[in-house]
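So the sequence shown is residues 1316 to 1491, counted in my numbering.
Hints are computed from structural coordinates only; laboratory data are not their basis.
It is possible that some hints are incorrect.
As the list claims (entries may be wrong) - Listed below are the simulated BS3-like cross-link pairs for lysine-lysine, each with C-alpha atoms no more than 27 angstroms apart in a straight line: (1) K1354 with K1387; (2) K1460 with K1329; (3) K1329 with K1387; (4) K1354 with K1460.
Given the structure is predicted, the values throughout are model-derived calculations rather than measurements.
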Amino acid sequence: MTPLEHTQRAARVKVMIFDVDGVLTDGSLTYDANGEITKTFYVLDGLGIQLLNRTGVQTAIISARNSPIVVKRAADLGITHVFQGQHDKRLAFAELLARTGVTAEACGYIGDDVIDLPLFTRVGFAVTVPSGHPEVQYRAHYVTKNPGGRGAVREVCDMVMRAQGTYEQALAPYFG
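Using the sequences and the hints, build the whole thing.
The following block contains the structure:
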């Protein structure tokens, strides 16, 4: 797919959906002494999501795993649509479409493993990370240059804002 085609797909995104493990994080699961899983999030990705929200693009999380840490991170970033424990992500996706009133074609999704493939075949802009499973990379419209948990999400948020002509507006408050 050409850069122009990536831009055209990104320009149509009204809802950007994120997987968590391997996308918002680097995919590592760290267990503490009590057996609780901890996750590490990348601050640049977080600001990218906040900026994207401010431009009017809605954001969502659809994850197979349940984690109170994800609920907290989503709240911190203003992600209002959070679906966890979704092993069949199509069900959460259908609910998201009903809640937002957008079409599947107006959604972007970034995931990294075969559990994400059902959404890749439905959304208008399917994205994966460099460490994404080969089947996912094959079906993606775009593979990020940055890894999951280390700038992939920011790259996509910036791409969507640039394609929609809102990037400069989103950054304007930081130029005083």
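Hint-by-hint comparison with the structure:
At roughly 11 angstroms between alpha-carbon atoms, K1354 and K1387 fall within 27 angstroms of each other, so this suggested pair holds. Between K1460 and K1329 the CA atoms are separated by roughly 23 angstroms; this keeps the pair inside 27 angstroms, and the hint holds. At roughly 23 angstroms between alpha-carbon atoms, K1329 and K1387 fall within 27 angstroms of each other, so this suggested pair holds. Between K1354 and K1460 the alpha-carbon distance is near 22 angstroms, which keeps this suggested pair within the 27 angstroms criterion.
Comparing the model with each numbered hint stated earlier shows that all of them hold.
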